[in-house]
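Protein chains in written order, with my numbering: chain Y, 1 to 301; chain A, 1 to 514.
Treat the hints as calculated values from the structure; they're not laboratory data.
To give a feel for the contact side, a few chain A residues facing chain Y, derived at Cβ under 10 Å: (1) Leu118; (2) Phe196; (3) Phe204; (4) Gly370; (5) Ser372; (6) Gly446; (7) Leu461.
Which stretches of chain Y does chain A cover? Using the computed rule of at least three CB atoms under 8 Å from a CB of chain A, they are: (8) 45-51; (9) 65-79; (10) 82-89; (11) 146-160; (12) 185-195; (13) 200-213; (14) 293-301.
Yeah, the Cβ is synthetic: ideal placement off N, Cα and C, and Gly gets one too.
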Amino acid sequence: MRGAGLWGRLALGACAALAAAGPALSQERGQEGRAVPPLVFTGIPDQDESRLVERFGKVAVYLEAQLGVPVRYVPVKSYPAAVTAFTNGQVQLAWFGGFTGVQARKAVPGSQAIAQGAEDAAFKTYVIANAATGLKRGPDFPKDIQDKTFTFGARASTSGRLMPEYFIRQAFPGKAPEQVFARVGFSGDHTRTIQLVQSGAFAAGAVDYSVWDLDTKAGKVDRQAVSVIWESPTFPDYQWTVRGDVEQTYGAGFTERLRSALTGITDPAILEPFGRSAFIPVTNAAYEPLVAVGRSTGLLD
Amino acid sequence: MRAAFLPRRGYAAVSRWFLAAALAGLLVADLQVTTLHPFADLARLLGGLIRPDFLAVEGWSVVATVASAMLGVGLGAGTGLLLAIPFARSRTVRLACAGIRAVHELFWALLLMQVFGLSATTGVLAIALPYAGICAKVYAELIEEADLAAIRTLPAGTGAVSAFLYARLPEVAGRMRDYTLYRLECGLRSSLVLGFIGLPTLGFAFESAFRQGRYAEAGALLLIFYVLIGSRRLWVRARTVPVLLVGAALALPPSIGSAAIGPSLARFLGHDIVPAPLRGAALAEPETWARLWAWLRPILTEQVLPGTAQTLVLAQIALAATALGALALFPLTARRFAGPVGRPLGRVLLVVVRSTPEYMLAYLGLQLLGPSMLPAILALALHNAGIVAYLMGRHADAIPYRADAPRGLDLYAYETVPRLYGQFLAYLLYRWELILRESTIFGILGVTTLGFYVDAAISELRLDVAALLIAATALVTVAVDAFSRGLRRSLRIDALPTRLSGPQPITGAEAADG
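Here chain Y stands alone, though its shape is the one from the complex (with noise of 0.2 Å):
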């Protein structure tokens, strides 16, 4: 009989169980049935996380008083993670790299690119080196990194996966980065990449100009271990990108709103984080060398 009994509050907790998948479901629908749901946007975790913290907090701030709407700022783990939630309409607004936001406008149309930093229009790579494997800095490709180890940044990152990618496959025609490198590694993001070969747990390695200028400023870089020791040419980089489903929700004209509140920055406590002095206005077309660099290297259909 206390089996019966059992079984009983078993099956009342199974119920539970379903009933609570139900308002985790509704709970979500019931934002949408408000009558200004937040602007809900992310950015790719591409450094430090207390530094995207604190960069996209005050972003969210200053867009709300601007806006008029609430605005939340959601973080992910991943880049392929932050390119989702603009696919499935999670967040409506994003930072992304060049290259994620090439695989975000094509997998949501209409989605546009509206505003992208001063300093992205031509951005940079930089290829470091541990002072140990004596490489010095030049002007050309230094080709003696070859059968070294070499990390690049996240598997999606524009300055430390793509761009480098197409330059080592320039310099190293007819190979792929496994077949020049001793080791390939992915470090996730670009502050670890200069940690990796800070340490020497990798020779080499592509990193965001930006990034490592602000680490060297916040005396986060030992100058004795790690230098630069190439600089790439440059290409266009981060922007904001927002769904085209904006218009219907916070009416038409927001995505013009969107691109000055943005452009119209100038508070430098909110560029500084990003390692920005201004956003400008930007179009889907500007990043259109990287849809050719994506399908020369592969990495895009």
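Dock chain A against chain Y, hints included.
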């Protein structure tokens, strides 16, 4: 190991083959340590464990961890119970259950995230789906093992549901309860690990803290997790479960922003996971199928085959290391070897080791040692050796020894190990599948198993490739499970207990423990 040492010839042969395969695996495995100061980082983490900073811990992450685990396991066990009824009769149900449980929770979460976003729904379903498959199988086995006496007394014409409810269920309810409560412990581990890919559980906070070197916070999070697992028997009881489930449903923090589930699901099923050459193509055209083959072939040769090979190599080495570790560790928890003082300490050590999710151990190992197979092997071997040694210790205590039995090494080598060897192999062969399933997922951390290619495919937004690779991981897991089952049958050890919560040997001392 000498053949004469073991009671049955088959035991020695299987042991030798497995050890030889693991040694062969060592020759091809990448075991390099690529970081220069692994012990400095380890020392800092241990320092964090000694001086934990509990104030830095966000309370919601603890709530979200427990709530997702409760709801995920509740939903999974409920569905599993329903599926257990037709399990023995329906091949379709058995295949479906094998399929859903062969896919790891993390892979489920990566797929579900495409539709449900970073939400509680993703976390709960990622646990519920594989757990439904596992629970269905285990409940069905418990029902099979049950005494049939009650069934025979039923009048003719009793319906299947009535027969199940009145004659079968009361027989097995107690063991099902034990198993379900044990599953909750696994659910807590799964829930923690889901944080590593972005769901707001303890794993999210741990990854952030560890990555940024906030070791005191990381240490506090680890300790909180151990307390949660260690105190499980106090707060997870049959009578608290309904309260916990309702509480979990109420306490689950709402997600920020909401995914458009309908359109996302349609896009995911109708476009994203359909192989690229088949999207919108004319299926009657032979050219379409030629394109499909052109798409499929490089994926098979460059990703599935090398990924599978690496996964098998990793699992094989980890299995052998688990075996050696368990043989070395189990005396710590056996009365005859560890004594009345050492045994409780040994058990605490093994419970801590087995409570730590393999994925988290591997994450720590990879951060400390760099991306090679070595940290993955260590993580799998530590966790699984902890479990097998714990169970072996209990069996060792249950053996009726002669009054003049030898002591120490003689007892260990000539009596205890030979008498437990069949049981030992049963545990190992059973854990083989679990080790393999976990090996696939370590690819996300940078070891080149199948998960490595899944991670790459998801980064490139090629969900069709990712789905294919995940299906491959499921196939490999099912194949190894079938092989292990066949091997256990041919060694005639398939009737021995293999589950952590299964029937345990009860001795006087155990009964006194409560």
